[in-house]
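J.: In case you want the letters, here they are:
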Amino acid sequence: MSEQVAETEVEIQNEEGLHLRPAVQFVDVANRYRSTITVSNGTMTADAKSVMEMTMLAATCGSRLKIRACGPDAADAIAALEELVAKNFALQPKPSQTQKEG
Amino acid sequence: MEIKKGIAVSPGIAIARAMVIDSKDYRIPRRSIMPSQRAQEIKRVRQAFAEAIRELDRIQSAKRIGESSIRDLFAVHMRFLRDKRFLKRITDYIDKELVTAEYAVSKILGEIAAHFEKVDDAYISERAADIYDIERRLLTHLLGKVTEEVKHLQEEVVIVAHDLSPTQTASFNKTFVKGFATERGGRTSHTAIIARSLGIPAVVALEGLMSCVTAQSLIIVDGNRGVVIIDPDEPTLEEYRTYAQQFIEFAQELDRFRDVPAVTRDGVPITLLGNVEFPDEAEVVLQKGGQGIGLYRTEFLYLYGGSEPTEEDHYEAYSQVVRVMAGRPVVIRTMDLGADKLPHPTRHPHEPNPVLGLRSIRYCLQNLPLFKTQLRAILRASTLGDVRLMFPLITTMQELRQAKMILRDVMEDLDEYAVPYNAQIPVGIMIETPSSALMAVLLAMESDFFSIGTNDLTQYTLAVDRANEFVSTMFSPAEPAVLHLIRNVVHDAAKAGIGLSVCGEMASDPEFVMLLLGMGIRELSMAPPLIPEIKKIVCSVTIEECNLLARKVATMDSQRQIKNLLRDAASRILPVEY
Chain A
1 MSEQVAETEV
11 EIQNEEGLHL
21 RPAVQFVDVA
31 NRYRSTITVS
41 NGTMTADAKS
51 VMEMTMLAAT
61 CGSRLKIRAC
71 GPDAADAIAA
81 LEELVAKNFA
91 LQPKPSQTQK
101 EG
Chain B
1 MEIKKGIAVS
11 PGIAIARAMV
21 IDSKDYRIPR
31 RSIMPSQRAQ
41 EIKRVRQAFA
51 EAIRELDRIQ
61 SAKRIGESSI
71 RDLFAVHMRF
81 LRDKRFLKRI
91 TDYIDKELVT
101 AEYAVSKILG
111 EIAAHFEKVD
121 DAYISERAAD
131 IYDIERRLLT
141 HLLGKVTEEV
151 KHLQEEVVIV
161 AHDLSPTQTA
171 SFNKTFVKGF
181 ATERGGRTSH
191 TAIIARSLGI
201 PAVVALEGLM
211 SCVTAQSLII
221 VDGNRGVVII
231 DPDEPTLEEY
241 RTYAQQFIEF
251 AQELDRFRDV
261 PAVTRDGVPI
271 TLLGNVEFPD
281 EAEVVLQKGG
291 QGIGLYRTEF
301 LYLYGGSEPT
311 EEDHYEAYSQ
321 VVRVMAGRPV
331 VIRTMDLGAD
341 KLPHPTRHPH
351 EPNPVLGLRS
361 IRYCLQNLPL
371 FKTQLRAILR
381 ASTLGDVRLM
391 FPLITTMQEL
401 RQAKMILRDV
411 MEDLDEYAVP
421 YNAQIPVGIM
431 IETPSSALMA
441 VLLAMESDFF
451 SIGTNDLTQY
461 TLAVDRANEF
471 VSTMFSPAEP
481 AVLHLIRNVV
491 HDAAKAGIGL
501 SVCGEMASDP
511 EFVMLLLGMG
521 IRELSMAPPL
531 IPEIKKIVCS
541 VTIEECNLLA
551 RKVATMDSQR
561 QIKNLLRDAA
571 SRILPVEY
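Protein chains in written order, with the working numbering: chain A, 1 to 102; chain B, 1 to 578.
It should be emphasised that the hints constitute simulated quantities derived from the structure, not laboratory data. Treat the hints loosely; a few may be bogus.
Below are the SDA-like pairs computed for lysine to any residue, each with C-alpha atoms no more than 25 Å apart in a straight line [to be verified]: (1) B/Lys118 - A/Val5; (2) B/Lys88 - B/Leu56; (3) B/Lys84 - A/Glu15.
Here chain A is said to cover these stretches of chain B; the calculated rule only asks that three of the stretch's residues, wherever they fall, bring their Cβ under 8 Å from a Cβ of chain A [said to hold, decoys possible]: (4) 75-85; (5) 485-492.
Computed list of chain B residues with no C-beta within reach of chain A, every gap over 10 Å [what the hints assert, rightly or not]: (6) Lys43; (7) Asp121; (8) Tyr123; (9) Leu139; (10) Glu156; (11) Val355; (12) Glu544.
All of these numbers come straight from a predicted model, not from anything done at the bench. Every residue gets a Cβ at the ideal spot worked out from N, C-alpha and C, and that includes glycine.
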């Protein structure tokens, strides 16, 4: 299996920042991929699959986030996360109460 | 081994394992664990997470939660609880810092919340509240277990806590509680009163106690010297075992006084009664040679259990005690709580000064259904023995008349239904405010007896809160002002020919017994375990020497001078133990 590395930079544009629902959505999307995904806001880096770390990034409206994926599906993961942010978290990801995280 | 000094509030020696009680109202103190307990504490955290997740699942499936914001909130909680990094951060902390599960949870969640609070964005900083919510959820699972454990204790323990609420002490299985050690409290705090009445050694005001006790610690509570030793070394433990044995022998020697009548050397009989809080303490009064119950506190009925006590709850508690006492006097005091202390159900606005506020008889007179329920039960129990009724905190004549009028109302109600009661039930009042002590001559005309509550009388006379460390040294029942009021009450009660007793702490303080007898008091009521000790004193003095002492005290103008004189007098008669 090939190890890919993919990176992108996005700007959070919804008013609430990575608040409640957006953070959960972000983490839910990240968890669909096998790659290791990290998100950096300035000097702080978080595991995109941990809701604790993602919320602690304190990404407010206007924050620029660096997303980096490393693994077999890195490119897909980056694309999906980029889309989520670009659409201002308007996506309705599958109801994911049962989805496992981390 | 760690030695802590506090205030000794109930004598005796206890050696047992610690049972640590956390109060949910306080931040969880740091407590260390042994390296061998790591796995256990980590397992407790994992279980708390699992239980919290199950709980959320239940809530979500039970209620069809329509509102999306609430659903989102639960979803966030759920994501946190399932976040392995979050869990790991807590378990890593336990692993590295060797602390309890509770402390690790409160520490890590506190850190995360503080991180959010710092962010200058309302949406993000609001998140701190969610974190505290998750913390509460986890702590409920961690601490809930402990509360349950206390109710079902199977081995002897020393209760270690920051502070104990009346509800907590009421729920203990008393057979297994061997001692109390708390960070807060004073001589008149609830823990102290309970410990004394149960005859369990207790030390309070132990600063920093919680941080050096683990669930496995062995604790020595030295209620004679006010010392608590955590994880004693072998020589210390040995020394204390010997000391504990000696103390038991001393207590047994005192118990020999049980069947000796309480009569002074010159033949004056003195009545010694017990103060009780719980029905099962009535037995202790008899075991210790008490001649009756001078004060039956009824507050436990209001503090224990989820709702206001019913008439049957009252009646059951009273009839049990009255039957055990088999014809000996039982003085039942009506509810003596502040509105701020009542757990249910009336939402009471905050009072800036509750000690001078709506409490005790004042509360009862404004909440007639509650008051009448209690009075009905007391009247019904009055046919079972020598039951007497006492109103607390009476300040004015009008209050006494009002209370008695309501009592008559209740009697009429009972007449209507032909429920039997003792229509001649003696009705007395507590003298515990300067106002009632000053007006004793009038109050005596409409009371059958007085009981002096020296703790409150001292507090209200000197305007000093004994629990306030900045002024507590001013609190002394030996102050000439307090003694002056007591003399006044003794005089007025004698003139009116009504009964008089002292039921405050002064009555069971060996140093004050001679003075009280000398001032003309013939009835003392105290925590049951102290009866033999006081009886021994009564039997070793003559009223003549007590009178002499009281006359000398009356000429003195400072509490220090008085205290010294009393101590001298006591040490001449009493054995060295005091």
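J.: With reference to the structure, classify each hint as holding or not holding.
T.: Structure-based check of all given hints:
no.: 1; hint: B/Lys118 - A/Val5; verdict: violated (34 Å)
no.: 2; hint: B/Lys88 - B/Leu56; verdict: holds (21 Å)
no.: 3; hint: B/Lys84 - A/Glu15; verdict: violated (29 Å)
no.: 4; hint: 75-85; verdict: holds (count 9)
no.: 5; hint: 485-492; verdict: violated (count 0)
no.: 6; hint: Lys43; verdict: holds (19 Å)
no.: 7; hint: Asp121; verdict: violated (4 Å)
no.: 8; hint: Tyr123; verdict: violated (4 Å)
no.: 9; hint: Leu139; verdict: holds (17 Å)
no.: 10; hint: Glu156; verdict: holds (42 Å)
no.: 11; hint: Val355; verdict: holds (45 Å)
no.: 12; hint: Glu544; verdict: holds (79 Å)
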